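Residue numbers (the numbering used here), protein chains in the order written: chain A, 1115 to 1507; chain B, 18 to 607.
Derived from the structure by calculation, the hints contain no laboratory data.
Fair warning: there could be bad hints in the mix.
[Said to hold, decoys possible] Have a look at the derived ranges for each label pair, beta carbon to beta carbon:
| # | chain 1 | residue 1 | chain 2 | residue 2 | range |
| --- | --- | --- | --- | --- | --- |
| 1 | B | Thr309 | A | Gln1220 | 55 to 65 Å |
| 2 | B | Arg406 | A | Lys1219 | 29 to 39 Å |
| 3 | A | Lys1314 | B | Glu380 | 41 to 51 Å |
| 4 | B | Ala514 | A | Leu1367 | 56 to 66 Å |
| 5 | A | Asp1393 | B | His516 | 22 to 32 Å |
| 6 | A | Gln1504 | B | Arg406 | 48 to 58 Å |
| 7 | B | Ala514 | A | Asp1393 | 53 to 63 Å |
| 8 | A | Glu1469 | B | Glu463 | 33 to 43 Å |
| 9 | A | Arg1278 | B | Glu463 | 54 to 64 Å |
In this text the structure is predicted, and so the values were computed from the model without any measurement.
No residue lacks a Cβ here, since even glycine has one placed at the ideal position from N, Cα and C.
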Amino acid sequence: MWWRSASFILDKNDSFLRDDSETRLLSPPPSSSMAQTLDPNLTISPYYQTRAAHHGVVTSDWLAQAHAAAGRDTATPSSEPEASLNSIGSDNSFSVIDEFNNWRKQPDLAEAVAAIRALASVIRSSQATTMMELQNELKTASDSLKSWDMTSISLTAGCDLFMRYVTRTSAVEYEDFDSAKSRFLERAEKFGEISYKARKIIAMLGQDFIFDGCTILVHGFSRVVLELLKTAAENRKHFRVLCTEGRPDRTGLRLSNELAKLDVPVKLLIDSAVAYSMDEIDMVFVGADGVVESGGIINMMGTYQISLVAKSMDKPVYVAAESYKFARLYPLNQKDMVPALRPIDFGVPIPSKVEVETSARDYTPPQYLTLLFTDLGVLTPSVVSDELIQLYL
Amino acid sequence: MEPRRPSRVIDPKVRKVGFFTPGPPPDRTRSGPAATTPTRNQSPVSNSLSPVMIPPARHASDNLSRAVGMPVPVASQLHAHPPADSLQVGSYTPSDSVISASPTRSPSSRIGLDGEFSEDSINWMKRSNSGRISAARPTGGPDLKQSVEALINVAEGNKPGTTSGMSAPAQTSKPVNKPNQKKDGPPMVSSTIVPERKGGDKPPEKDRKKDMPPPRMQFDDKSRVEKAKKRSVTKQTEARNRVELFRHLPQYERGNQLSDLESKFFQLDHVHPAVYKVGLQFLAGDIMWSNTRCIAMLQAFQKVIEDYSTPSEKTLARDLTSKINSSVSFLIECRPLSISMGNAIRFLKSRIAKITLAQTESEAKTFLCSDIDRYINEKIVLADKVIVRHAVTKIRDGDVLLTYGSSSLVEMILLHAHELRRQFRVVVVDSRPNLEGQQLLRRLVEKGFSCTYTHINAVSYIMHEVTRIFLGAASVLSNGTVYSTVGTACIAMVAHAHHVPVLICCESYKFHERVQLDSICNPDAIAKVPGRTNNCLDDWAGKENLQLLNLAYDVTPSDYVSMIVTEHGMIPPTSVPVIVREYGREHLLI
C-alpha cells in the first residue's frame, strides 16, 4: 500500500539523506501476500491444509506443491516444539503433535475435539505422580500444539478450554491423583460428545429460519452448515441452495455433492457471480473458523465479500458456529490476524515476478452479520463478548 | 465446556444484558418509579423494569416539577407544596454531574465550573429544539403519566424524609447542607444493595429515599440558583452573557473562590485538614487528571479514617459515612467530582457499611485503610499496567498512531511500545484553549519518538495517513458512549469516515451505568490568545450580542469507537454494561 500524504513525501526525501533505519518507519506493514519463497518464516497453515484435504476437491498438482512446501517448512516449526517436548519426556518418544495430527485427519472430527483428545492422550501416557507435574506437562503440550499451528482458532480455543478446566478443578482436596486423572479423561471424552451434540442443537435452531421456497447461499464447506441443511431437508422443507465454487479448495463442489445426495436442488456459482445472483437469494449461511470478541467471524476467504454484498442488498447473513470457537481475539482490520497461508494452484505456471495473495481466510466485522446460531442459542454478534467475559471471568 | 455460571435470565427468550442484578425484584411502587428517575439507565438496584421499558422523554418540566416536589400531571396541586421542599430542590447531583477530564490541563483552570450533565440527551434536545426553557407542562404520553405520577408521589414522600433524615446527622453547619443531599444519589444506590441483601426489611420510606437520587440543579431557574448560592461554601459569580442554549449548565466566571475558601478555613471545622488541602489543590488546579484526583482524594480519606474516633452513642459505620459525606460535599464545592471519583466513593461507602459491630474500632480502621490501598492499587496502578500490555499488541511496525490531547495512559502505551522496539510514528493533535498536547509532544520528543504535531483543524487532512488512533477517556457510559475531552468526538468521527480504528483506553473503574452529555466552563479562557498583545476579544463581556462558550467535555457515540481496552481485556463498546454488571457486583459481594 502506498501512502500518499505530503508529510510522507517530505519524510521520504529526508530519509534518503539519512540512515536506512529511518525508512523502516515509513515502510508499510509486512503484507501477508509475500509468497513463502521470499520469506521462509511464513509457513503454510496446516489447518487450512487439512481442511483442504477434507473438504475440498484437490488436484494432484496442488497436492504435489503442498507436499513440497510442507516438506520444506514443517522442518522448522515442528522441530522446536518436538525438541522441547523431548527434552522433558525424553524417555518416551510420544509427541502430542503427532497424536493431534492423527486425530485431525479424521474428516468428521472437530478441530477442538482433536486437540482435546490429543491432550487426553498426554494425560494417559503421562508418568507424573503429582498434580502439579501433570499440569505442567499438559501446559507444555498445549503450548506446543498452539505454537505448531498458530492459525487455527479452534485448536487454541480447545486447548484453552481444557487447560482452564484442569487448573480450575485441580485444587479439589479430597480427590486423589488417580481419580483426578480419570476425571480429566472422562471430561475429554465428554467434550467430544458435547461438540457433536452442539452441531445437532445448532442444526435444530437454524433450520427454523429456513422457510419453504427460500433460496440459500452457502459459502465454504462447514460441517455445521451441512448438518443444518440436512436437518431442514429431513423436516420436509423445500428450499434450494446456491453454492459458491470456493476456489482454491473448491469446497462448493464437495458441498454440492453432499447436497445432491439429499435431493436438495443445488446450483453452483463461481465466486464472482455472487453479486449477480444476490437478487434471488433470501439468506446467506456460513460457518466460522473462529468467532472473535467483537462479534465478527474469521472464515474462509470470500466470506467478507459475500457479507458486504448481502448487507448492501439487505439480505440476512447467518453464521453457524459452536461455542468453543469463541476466541479472545480482536482484529481491527483484515491484516490484524496471524497470517494463514496456503498455496493456490492456478493450473498454469505463474512467472516468479508475480506475487500471489495466498491468505486462506478473512475477517468479517460484526456489522455485516445478522445472527449467530450457536449451541448457546441464537445470538446477536454483540453477545459474543458477553459470553466470553463470563467464560473467562 | 465447564458449566457456566447459572444464567440470570428469567425469561429465556429475553436476554437481559447489563441492566440487571439478581435478587427479588423490589416492589414496583417503590423502586420502579425510582428507577425511572433522572438517570435513564437504571442503577443496579432498581431492576424491576425490563430494559426495553425505558420511559421516553421526560423533560425539563419533569425535572422541574419533581425537583420542586410537584406532581406533574395534576396541575391543581402545582402550588400545593410547602417551600420546605425547596431545600431539596436546589441541589444538584454532583456524581452524575461533573467530570474532570483526565487529559485536560488548563492554565486558567476551570474551577468548579467544569461541568454539569444534563439529565439525559433527550431532555437536552427538547430544550434546544424549543429554543427556550419551557417550565410548563409535561408532554409525556398518557402511559407515562402513571409512572411519572408514581414517581412524583414517591418524590413527595421523599422530600421531607430525605431532608430531615439525611441532613441531620450529617451536617453541623448549614452551608454544606444542600450538597450533602446531592451525594446521596449514588451512595444511596450502593448502600441500598446491602440492605436488600440482608432481607430488605427496612421500612419502605427509607428505601425509597435511598433509591431516588436527588434531582438536579436547574441553573436556569433564578430562584433556585439564588438559594444554591446562599448555601454554597464558595462563591461563584455567574458569567455575564450566558449562552442561552446551555442555560441548563453552570456558566461561571473564574471567581475568587480560592481566597474565599482560605478565609473560611477556620469556620469549616467539620472538614479534616487533609481533605481541605486536597480541595484547595483541586480548586487551584494543581491536581488535574482524573486518576490523580481520585488517588489524592482517596489518600485524603485514608487520613480522615486514621484520625477518626467514634463519638459516644454513635455507630462507627453511620458516623464515618456521614463524615465522609461532609468531606465529599466540601470537595464538590471546590470542584465537582468526576465519575471515577464517584465510583471510588461508592466503593468506600459500601466498605464502611460492611463494618460489623463485632469489629473494634482500630480493626475497622486498618481494614478500611488497607481496602483503600488495595482499591488504588488494583483499579488504577495495576489496571494501567495490564491495559498497556493489551494495547501494545495492537501496535505493529510501520504504524502511524494518532493521539489527541494528553492522556497519561496513552503516553504509557506509547512509551512501552517504544521500549519493545516497535517502529512507529506518532501524530499529536492539539486544540485550544489549553494546548495540552504540547506537554505530551515535549515528553515524546525527549524520548526519541518521531512525532508530528498538528491542530485539530487539520485532522481531516492528516487522517488518511493514520493507521490507528489511541484516545483516553474520562468515563465510558453504559451504552458504549465515551465521555472525554472536547474534540475527541470530532477526531473519532473523522476517523470513522476514513475507516481508521479508534481504540479507547480506559480503566474499568471509570465505567458508569448512566448516560450523559455536555458541559461548559470558563469563557475567559478562550478569549485570551497567548502571545498576542492586541486581543480583540478583551472586552467581550461588554458586548451585548456576544457570548463566549467554552465547552470542556464532549461525548463520542459508540458507533465511532472500534474497541475499548480495559484491564479485563479488549472489549467492544457494546460490552461495557457487561463489565459493569459482572465486576461491579464482585466488589460489592466481597
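Outcome of the hint check:
| no. | hint | in the structure |
| --- | --- | --- |
| 1 | Thr309(B) <-> Gln1220(A): 55 to 65 Å | holds, 59 Å |
| 2 | Arg406(B) <-> Lys1219(A): 29 to 39 Å | holds, 38 Å |
| 3 | Lys1314(A) <-> Glu380(B): 41 to 51 Å | violated, 57 Å |
| 4 | Ala514(B) <-> Leu1367(A): 56 to 66 Å | violated, 42 Å |
| 5 | Asp1393(A) <-> His516(B): 22 to 32 Å | holds, 28 Å |
| 6 | Gln1504(A) <-> Arg406(B): 48 to 58 Å | violated, 22 Å |
| 7 | Ala514(B) <-> Asp1393(A): 53 to 63 Å | violated, 30 Å |
| 8 | Glu1469(A) <-> Glu463(B): 33 to 43 Å | holds, 41 Å |
| 9 | Arg1278(A) <-> Glu463(B): 54 to 64 Å | violated, 44 Å |
Taken one by one, the earlier hints fail for this structure at numbers 3, 4, 6, 7 and 9, listed in ascending order.
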